[in-house]
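Trainee: Now for the letters of each chain:
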Amino acid sequence: MNVSMTINGEAVSREVEARTLLVHFIREDLDLTGTKIGCDTSQCGACTIHVNGKIAKACTLLAAQADGADITTIEGLAENGEHHPMQTAFWENHGLQCGYCTPGMIMASAAFVRDNPGASEDDIRHYLEGNICRCTGYHNIVKAVKQVADAAAGGA
Amino acid sequence: MSAEAGSVIGESIKRIDARGKVTGETRYPGDIDIEGQLWMRIKFSERAHARVVAVDVAAAEALPGVVRVFTSLDVPVNEYGLVIKDQPVLCGPGGDKAGTDVVRCYMDMVAVAVAETDTIAKQAIALIQVHYEDLPAVFDAEEAMLASAPQLHPDCADNQVARYRIRRGDMAAGWRAADVVVEGMYETTWQEHAYLQPEAGLGYIDEANRVTVVVAGQWTHEDQEQIYHALDLPPGQVRVIYPAIGGAFGGREDMSVQIVLALAAWKLRRPVKIQWNREESIRYHHKRHPIKVRAKWGATGEGLLTAMECEVIGDAGAYNYTSNKVLGNAHLTVSGAYEVENIHIDTYAVYTNNIPSGAFRGFGAPQALLAAEGQMNRLAAALNMDPLEIRLKNSIREGSIGSVGTPFPPGVSMPQVFAACGAESWWRQGEAGWQLQAPVAPSDSSKRRGRGLAGGFKNVGFSFGFPEHCWAGIELQGSAEIERVILYHAGADVGQGAHTVLMQMAADALGVPFERVQLVASDTATSGSSGSASASRLSFMSGNAIRGAAELALRKWQDEERPAKADFMYHPPETTPFDPQTGYAEPNFAYGYVAEAVEVEVDIETGQVQLLEVVCANDVGKVINRQQLEGQIEGAIVQAQGYALMEYLVSRDGRILNPYLSTYLIPTSLDVPPRVKSVVLEYPDPIGPWGARGMAEMPFLPLAPAIAAAIYAATGVWIDSQPFTAQKVVAALRAAGIGEV
Ligand code: FES
Ligand code: FES
Chain H
1 MNVSMTINGE AVSREVEART LLVHFIREDL DLTGTKIGCD TSQCGACTIH
51 VNGKIAKACT LLAAQADGAD ITTIEGLAEN GEHHPMQTAF WENHGLQCGY
101 CTPGMIMASA AFVRDNPGAS EDDIRHYLEG NICRCTGYHN IVKAVKQVAD
151 AAAGGA
Chain D
1 MSAEAGSVIG ESIKRIDARG KVTGETRYPG DIDIEGQLWM RIKFSERAHA
51 RVVAVDVAAA EALPGVVRVF TSLDVPVNEY GLVIKDQPVL CGPGGDKAGT
101 DVVRCYMDMV AVAVAETDTI AKQAIALIQV HYEDLPAVFD AEEAMLASAP
151 QLHPDCADNQ VARYRIRRGD MAAGWRAADV VVEGMYETTW QEHAYLQPEA
201 GLGYIDEANR VTVVVAGQWT HEDQEQIYHA LDLPPGQVRV IYPAIGGAFG
251 GREDMSVQIV LALAAWKLRR PVKIQWNREE SIRYHHKRHP IKVRAKWGAT
301 GEGLLTAMEC EVIGDAGAYN YTSNKVLGNA HLTVSGAYEV ENIHIDTYAV
351 YTNNIPSGAF RGFGAPQALL AAEGQMNRLA AALNMDPLEI RLKNSIREGS
401 IGSVGTPFPP GVSMPQVFAA CGAESWWRQG EAGWQLQAPV APSDSSKRRG
451 RGLAGGFKNV GFSFGFPEHC WAGIELQGSA EIERVILYHA GADVGQGAHT
501 VLMQMAADAL GVPFERVQLV ASDTATSGSS GSASASRLSF MSGNAIRGAA
551 ELALRKWQDE ERPAKADFMY HPPETTPFDP QTGYAEPNFA YGYVAEAVEV
601 EVDIETGQVQ LLEVVCANDV GKVINRQQLE GQIEGAIVQA QGYALMEYLV
651 SRDGRILNPY LSTYLIPTSL DVPPRVKSVV LEYPDPIGPW GARGMAEMPF
701 LPLAPAIAAA IYAATGVWID SQPFTAQKVV AALRAAGIGE V
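Top line first, the protein sequences correspond to chains H and D. In terms of the numbering used here, the first sequence is residues 1 to 156. In terms of the numbering used here, the second sequence is residues 1 to 741.
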C-alpha cells in the first residue's frame, strides 16, 4: 500500500507492506536512524517522535496509521540550523552517556516543556517515566529538562 | 607533566560525542547498512542439555531468498570463550573436538540462516529441523557439585570450573578469642545488563580483503582474536570496528553476533547484517552471577575481628565466560575491606545448564560485599556498636596485609573514605566516637525509616597474573609548534565518556590545548590493543600509555621529526594468581575505595522499600572530568538500586521467563532516589596517571548491603536475599511479628 506523510517538513510517499511499523518505516525506508528501537513492548521510549505535534512511540503505530500525518523526528528538531534548546541542554548538562535513549528523551522532553513551561522537577520525573535510561541515573536528564522548563517559564 | 593551572585535567570538558547524540546523527551498529547486504538470523538451542544428533537444513535452504544456512560443519575451529574456549560456535555433529555436538543451555547457537531479507531469514530459521537426544540437566550450583550430577564438559569432572582457597592463621585461636560470633547466609540472583541498544552488527570484506565486523563490544582486539581463532585465519585477516556503543556494563565483554557474522561474510564474501530485538538480547547474552555465601565471623567485645570463615558458590551457567575471574574477585572481596589474621575461605565457580554468567559492573564484588558488609552490620548490632566505629576499627589501611597474605598496593584510603562518608551523611563525631543520627520518624505509622552504611574496594585493571597491557599511539603535526595531535587508541567508549577523557589526558601530557587533539579510535586496523573497557581500568591504563607515547613523541619533536610519531605499550606491575593451597597472591596493582550511606523508608504493611537518599564517597585518586565522573556515580547508583530492590530475572529449568522490559523491570525516573550526593575524594594512586584510580564500578558495590543495613535499622529485620522485593520484606516482617498478619 502507499503511505504519504510529512517528515521533518518534507513530503514523502512510499509503497509499504500493510504491517510495517512506523518506526521501521522511518529508520529503514527513510534512513532516519536517529529514532531508536530499544524494546519489543513499548516500554523504553527510545522511538519517541512527534506526530501532529504530540509525542508518540513510533513502535506502537503502523506506518499506515500515520498516513497524512505531520511527523517530526530528532533529525528535524533543530530549526534553521540552530539546535533546539532541549538538545543544547542535554549536551551542556551531560544528560547522556551512551546516548541511545537520548533522541527519544529529547523528543519527549521538548514536547512536554512546550506544553508545560515552568514544570517542576517532580512533574518532569513523572512525565519521563515512559523513557528508560540505563546509563545516567536520570539526574542530569531531569536537570537538563528543568533548565529548559525554567527558561520557557521566564517568558522568553 | 603534572596537572597545573591551565591544565584540562579535572575540567568538565563537554563530551566529544554529545553533538551527534543529541542530533540523532550518531550511528550505532544497527544504524549502519551497506548496499546489497544480506540478513542473518540465528537458530538457538531448544533444549537445556542435549546432544544434537542432526541438523536438517534442506527445507530452509530451499526457501526462495535464502542464500545459505551455516551449521557446525562450516566452522573451521568450532570453539570460543574469553578465558576458556569451552563453547562451540555452532553446536552440532561432525567436529573433531569432544563435546561440540552438545547444547548446554538455551543460549547455545545451532545454525545461522542468511537471506536476502530479514523476514526470509526468520522464516528459514523456523524451517531448520534439529534432532536432539536429551541429556540430564542440572540447574542448581550446589547440586551440580555433587558426584551424582550430570557432567557438562568433557574435561571438568566435578563441574567446578574454578576452585580457590584461603588458609591463614590459626582458626581455633581465632574462635577462642571471639566474644561474639555471627553467622549469615546471603543469596543473590541473576541481573540483566539491559543496555538500551540491543545487539546488532555488520560483517563485510574491506578494501584490504579483511573480514570486518562492525559491532558494539568492549575490547576490539579480543573480539578480533576470538574471530580469527574460530575462522582459522591469520590475525591480520580480521578487523573489528566499534561505532557508537549503546551501553555495555560488562555485558558486551563476551561474543554475541561477532563470530557468526564474520563466518558468513567471509564464506559468502557479501555484507551480512544482524539485529537482535530485546527478547533476544535478554535471552542470549550472559548475566551477573547468582552467588551464595555462607559466612561466620568472630570479634572481641571491643569489635576487633578475630576469625572469618566463608564459603562462596557461584553459578557459572553452561560456559565459563569470565566466571573463574569473577569468582576470584568474589573470593578476594568476601572478607570485606578489613584486616583479620585468621581466615578460611573456599570459593567455587560451578557449571550448570543455566544461562552463562559473566562480567557485570562490579565483577563479583557486589555479591561478596552483600555478605561481608552484612556480617559487619550484624557484628555491630550484636555488640551494640556504631556501624562506622566498628568499620574504622577493622578497616584496612596503608600497609595492611590482605586476606591473601600480601600487603595492599600503596595508596590505601579506606579509613578516610569511610570517615568522609559518615561525616557527609548522618554521623557526628563525639567523645564516644562516631555516632549515627537516627532519622526523623515518619508521621504515617505504617512507615519506618532507617539509615545504613557499607563500603568496600575494587581492583583497577586485570588481576591474578593476567599479562595486563595498554597501547597508545601519538602523532604530532605542525612545523614551529604542535598544530595538531592525532591520538590512536582502541579503548571502547561504551557511554562512560572514555574518548573525551583520553583526549584530555593527551592534551595535558603534551601541553597543548584540548581543541588540537583528534582521536582515531576503536579499530583494530589503526591501533594496538588497549585492553577492555572493564575492570574500571581504562582511564588508569590508557592514561599511563598516553603519557608514555607523549613523552616519546615529544622527544622526536625536539629532534625535529615532522610529523613526530610514537607509540607506547604500558605494562603495570605484575600480579600473581592464588596459591592453590593457601590463596597467597599479589592479586592486583591498584584499587579504588568506596563507601555509601543510605536512608530508606519501609512500608511495614506492603514491604515496599523506598530509597530516599544516597551519600556516596568514592576515592577516585584524581578527577579527570568531573561532570562525567559524577554521571558515572549517579548511573551506577541507580543500576545498583535496581539490583537491590527490583530487578528480578526469573529462570525456570534454564529458561528465562521474563525476557522483556515489561516484565524485567529496571528503574525509571520515578523510582530513583531524589537525593544523591557524590563525595569525590582524591587520594592519589602512586602509579595512577595524574594519580587517577578507576571509579566506574565502585559506586555500584556497597549499595545493596547499605540498603539491607538501613532496612534492619528501620525494622529490626535482616534481609539477606537479593533483590529485596516487597514480597520478601513483608514475609520477613511477618515472621518477626511486625505488621498485620
Ligand atoms: S522501541 Fe518503542 S518504546 Fe521501546
Ligand atoms: S544514556 Fe545510555 S541509555 Fe540513556
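Treat the hints as calculated values from the structure; they're not laboratory data. This one's a predicted model, so the numbers in the text were calculated from it and none came from an experiment. Among the clues, some could well be false.
Stated by the list, open to error - Where chain H lies over chain D, by a calculated footprint (3+ residues, C-beta under 8 Å):
{"no.": "1", "stretch": "195-201"}
{"no.": "2", "stretch": "240-246"}
{"no.": "3", "stretch": "493-503"}
{"no.": "4", "stretch": "653-663"}
As the list claims (entries may be wrong) - Heads up, simulated SDA-like pairs for lysine to any residue below, C-alpha to C-alpha not over 25 Å straight-line:
{"no.": "5", "chain 1": "D", "residue 1": "K14", "chain 2": "H", "residue 2": "A151"}
{"no.": "6", "chain 1": "D", "residue 1": "K14", "chain 2": "H", "residue 2": "E121"}
{"no.": "7", "chain 1": "H", "residue 1": "K143", "chain 2": "D", "residue 2": "K122"}
{"no.": "8", "chain 1": "D", "residue 1": "K14", "chain 2": "H", "residue 2": "G53"}
{"no.": "9", "chain 1": "H", "residue 1": "K143", "chain 2": "D", "residue 2": "I13"}
{"no.": "10", "chain 1": "D", "residue 1": "K447", "chain 2": "H", "residue 2": "A151"}
{"no.": "11", "chain 1": "H", "residue 1": "K143", "chain 2": "D", "residue 2": "T606"}
{"no.": "12", "chain 1": "D", "residue 1": "K14", "chain 2": "H", "residue 2": "A18"}
{"no.": "13", "chain 1": "H", "residue 1": "K143", "chain 2": "D", "residue 2": "K447"}
{"no.": "14", "chain 1": "D", "residue 1": "K14", "chain 2": "H", "residue 2": "E15"}
{"no.": "15", "chain 1": "D", "residue 1": "K447", "chain 2": "D", "residue 2": "V680"}
{"no.": "16", "chain 1": "D", "residue 1": "K622", "chain 2": "H", "residue 2": "G81"}
{"no.": "17", "chain 1": "H", "residue 1": "K143", "chain 2": "D", "residue 2": "L612"}
{"no.": "18", "chain 1": "H", "residue 1": "K143", "chain 2": "D", "residue 2": "V680"}
{"no.": "19", "chain 1": "D", "residue 1": "K122", "chain 2": "H", "residue 2": "H126"}
{"no.": "20", "chain 1": "D", "residue 1": "K677", "chain 2": "H", "residue 2": "E92"}
{"no.": "21", "chain 1": "D", "residue 1": "K122", "chain 2": "H", "residue 2": "A69"}
{"no.": "22", "chain 1": "D", "residue 1": "K677", "chain 2": "H", "residue 2": "A18"}
{"no.": "23", "chain 1": "D", "residue 1": "K122", "chain 2": "D", "residue 2": "A54"}
{"no.": "24", "chain 1": "H", "residue 1": "K143", "chain 2": "D", "residue 2": "T23"}
{"no.": "25", "chain 1": "H", "residue 1": "K143", "chain 2": "D", "residue 2": "I16"}
{"no.": "26", "chain 1": "H", "residue 1": "K143", "chain 2": "D", "residue 2": "E25"}
{"no.": "27", "chain 1": "D", "residue 1": "K677", "chain 2": "H", "residue 2": "E129"}
{"no.": "28", "chain 1": "H", "residue 1": "K143", "chain 2": "D", "residue 2": "S12"}
{"no.": "29", "chain 1": "D", "residue 1": "K677", "chain 2": "H", "residue 2": "N2"}
{"no.": "30", "chain 1": "D", "residue 1": "K122", "chain 2": "H", "residue 2": "E92"}
{"no.": "31", "chain 1": "D", "residue 1": "K122", "chain 2": "H", "residue 2": "E82"}
{"no.": "32", "chain 1": "D", "residue 1": "K14", "chain 2": "H", "residue 2": "P85"}
{"no.": "33", "chain 1": "D", "residue 1": "K14", "chain 2": "H", "residue 2": "E17"}
{"no.": "34", "chain 1": "H", "residue 1": "K143", "chain 2": "D", "residue 2": "E11"}
{"no.": "35", "chain 1": "H", "residue 1": "K54", "chain 2": "D", "residue 2": "S12"}
{"no.": "36", "chain 1": "D", "residue 1": "K14", "chain 2": "H", "residue 2": "D40"}
{"no.": "37", "chain 1": "H", "residue 1": "K143", "chain 2": "D", "residue 2": "R675"}
Ideal placement from N, C-alpha and C gives every residue a C-beta, glycine not left out.
Trainee: If a hint holds in the structure, say so; if it does not, say that too.
Mentor: Evaluation of the provided hints:
1. 195-201: holds (count 4)
2. 240-246: holds (count 3)
3. 493-503: holds (count 4)
4. 653-663: holds (count 3)
5. K14(D) to A151(H): The hint holds at about 21 Å.
6. K14(D) to E121(H): Holds, at about 24 Å.
7. K143(H) to K122(D): violated, 43 Å
8. K14(D) to G53(H): Since the Cα atoms of K14(D) and G53(H) sit roughly 31 Å apart, the hinted pair is violated (cutoff 25 Å).
9. K143(H) to I13(D): The given pair, whose Cα atoms are some 18 Å apart, holds under the 25 Å limit.
10. K447(D) to A151(H): violated, 38 Å
11. K143(H) to T606(D): violated, 32 Å
12. K14(D) to A18(H): violated, 44 Å
13. K143(H) to K447(D): With Cα atoms ~30 Å apart, K143(H) and K447(D) exceed 25 Å; violated.
14. K14(D) to E15(H): At roughly 42 Å apart (the allowed maximum being 25 Å), E15(H) and K14(D) break the hint.
15. K447(D) to V680(D): violated, 32 Å
16. K622(D) to G81(H): At roughly 38 Å apart (the allowed maximum being 25 Å), G81(H) and K622(D) break the hint.
17. K143(H) to L612(D): Given that 25 Å is the threshold and the Cα spacing comes to 18 Å, the pair holds.
18. K143(H) to V680(D): Within the cut-off at roughly 20 Å; holds.
19. K122(D) to H126(H): violated, 39 Å
20. K677(D) to E92(H): holds, 20 Å
21. K122(D) to A69(H): Violated, at about 31 Å.
22. K677(D) to A18(H): violated, 51 Å
23. K122(D) to A54(D): Holds. K122(D) to A54(D) sits at ~20 Å (cutoff 25 Å).
24. K143(H) to T23(D): holds, 19 Å
25. K143(H) to I16(D): holds, 20 Å
26. K143(H) to E25(D): OK: K143(H) and E25(D) at ~23 Å, within 25 Å.
27. K677(D) to E129(H): holds, 22 Å
28. K143(H) to S12(D): holds, 16 Å
29. K677(D) to N2(H): violated, 54 Å
30. K122(D) to E92(H): violated, 43 Å
31. K122(D) to E82(H): This hinted pair is violated, its Cα atoms lying about 42 Å apart.
32. K14(D) to P85(H): Measuring from Cα to Cα gives roughly 16 Å; hence the hint holds.
33. K14(D) to E17(H): violated, 43 Å
34. K143(H) to E11(D): Answer holds: K143(H) to E11(D) is near 19 Å, not above 25 Å.
35. K54(H) to S12(D): violated, 35 Å
36. K14(D) to D40(H): It is violated: about 33 Å lies between the C-alpha atoms, which goes past 25 Å.
37. K143(H) to R675(D): holds, 13 Å
In summary, the structure is inconsistent with hints 7, 8, 10, 11, 12, 13, 14, 15, 16, 19, 21, 22, 29, 30, 31, 33, 35, 36 from the numbered list given earlier, while agreeing with the others.
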